[in-house]
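Participant: Required output: the full structure, derived from the provided sequences and hints.
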Amino acid sequence: MALVLKQPSVLPGFGLTLGFALFYFSLIVLIPLSGLIVKTTTLTWQQFWHTVTEPRAMASYQLTFGASFLGALINGFFGSVVAWVLVRYHFPGRSIVDALVDLPFALPTAVAGIALTAIYSSNGWIGSYLEPLGLKVAFTPLGVLVALTFIGLPFVVRTVQPVLQDLDKEVEEAATTLGANRWQTFRAVIVPELWPALLTGMAMAFARSVGEYGSVIFIAGNMPLKSEITPLLIMTKLEQYDYAGATALGVVMLVVSFVLALMINLIQWWSGRRHTAS
Amino acid sequence: MILKPFVLTLALLTGALGFTSSIQAAESISILNVSYDPTRELYQEFNAAFAKHWQAKTGQTVKILQSHGGSSKQARAVIDGLEADVVTLALAYDIDAISEKAGLLPANWQSRLPNNSAPYSSTITFLVRKGNPKGIKDWNDLVKPGVSVITPNPKTSGVARWNYLAAWGYALKQFGGDEAKAQDFVWRLFKNVPVLDSGARGATTTFVERGIGDVLINWENEILLSTKGSGKDKFEIVVPPISILAEPTVSVVDKIVDKRGTRLVAQAYLEYLYSEEGQEIAGKNNYRPQLPAVAAKYAANFPAVERFTLQEFFGNWQKAHKAHFADGASFDQIYLQSPK
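Chains as they are written, first to last, in the working numbering: chain A, 1 to 278; chain B, 1001 to 1340.
For the record, the hints were derived by calculation from the structure and aren't laboratory data.
Among the clues, some could well be false.
In silico lysine-lysine, DSS-like type, Cα no more than 27 Å apart, as pairs [to be verified]:
#, chain 1, residue 1, chain 2, residue 2
1, A, K136, B, K1319
2, B, K1181, B, K1130
3, B, K1057, B, K1259
4, B, K1255, A, K39
5, B, K1134, A, K136
6, B, K1181, B, K1134
7, B, K1234, B, K1284
8, B, K1234, A, K136
9, B, K1297, B, K1228
10, B, K1137, B, K1181
11, B, K1228, B, K1130
12, B, K1137, B, K1191
13, A, K226, B, K1130
14, A, K226, B, K1322
15, B, K1144, B, K1130
16, B, K1073, A, K39
17, B, K1144, A, K136
18, B, K1073, A, K226
19, B, K1297, B, K1232
20, B, K1101, A, K39
21, B, K1228, B, K1284
22, B, K1255, B, K1063
23, A, K136, B, K1191
24, B, K1191, A, K226
25, A, K39, B, K1322
26, B, K1319, B, K1101
Facilitator: Written as structure tokens, this is what we have:
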């Protein structure tokens, strides 16, 4: 499908709106981010490289991006299940559950972090049962994963839900009448429809998790090389008045997040095209 | 049409702002005290006392705003433009930073008030679980295998730096000034630390609420506070025979008070901390008073501790920071040299 710019549109003034959009985008996004990069240039290349590759920084990238990715995967699966249940079944209290999904959006992250820590620490409701099994959640990297999964959930549910709602049951019935078994229907009919939305949701959950600070800080334990996330390392640098070092780490996160977001967009675009082509 | 409500709000806002500021200029003056976390209760009480004193003395109503947070975070806020008339922070290093990075006060600020600009002092003590099951009495009990120690992260917390230096100074005293042995001692201590919270209150929460650790190292005033009320039956205070003399320091922020025209009241505010009433309030809020008469009155609350000074072992904060808390310094080496 080619993009046609000259199409008559309901909103007049393409030039004006584009100008406004660019201005707004610059003001809110581009200027602060370029400030970040300008500040980093006060470091020499060696200093920059040293700051962003020291062992503590490397360990923190691994934890931040690794746990965010895992969290997004977990949410991809369970979030879809939640969305499915909310769309396809009617049960008492459904609208309450539906509203509860948004809570991680609204809750101050510090509150989430403190609540999760209280529950998962060795004297907490859940933690006291997990501890005898040798499973420590609070103050370990596992705790980071729990917190990131918590804050990422609504992103997946809220992107998958509308697509599921639009998905006609008739299509599935048609598949059945054409002789498809349940697995075939799921794989060939439902998944291709959901896939782009699911990817978007997971990408958003991932991006949100990478930047998360408030909730993780309480549950992580913050041990160097073990359970330190990159945002904490940035805070640590700031506490030492090392502004340039902090922005250097910020730039690394920015670049990695941007590349990942771009990749996800490309995958989406590619899968969307393949889907419409077939 | 859409703009109308905006214009209206704007008009109302500017009107309201103009109105309040004109009132303030007329009869009262306000100053902002930027402080660190555990002084909240202390300054609430002190501010009320000072306002009364100032009113009686000059007839002027003074409104004191307080801001609390992690000590270096607060210093950073001032550097970045928070208009603090006075700063009352956990360590001199943070006020040094304001002088050095933003030039808001002269480098010799610490010599302008008595006792190195520390109107009250404190020290570092231990909190253990009721009955002291691990038998902790002194610093060398903290490095024993199987003892779990809670202290915040010295990279992000003011008190954690005092804790760290207290342990290091203790070891230097024990081992006759042998730096290598002191380092080994502190490393062994930190091998016993399962969680590094980012601030003092966070560490207290981990120990008190989460039930983690056998001993908490913290400000004496925080520890005294946590044994009041419900904590009385669950915890015990252990005061080690030797600890560090912790001096939370205060200063007027020159450039700000000159700009706002508040120097007189800000100066008087800090000086009043040294007065008998100020010292009394400090003592009541678990800070050790400097004034001998008041100190004697509260002596029962504060067990005798041999307190060594920062200067004795570390020279000054700049040197201590460089040797221990800068990137790659002794604290980082604990984790870098022997990753678990």
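Participant: Hint by hint, work out which the structure violates, then give me just those numbers in ascending order.
Facilitator: Failing hints, ascending: 1, 2, 13.
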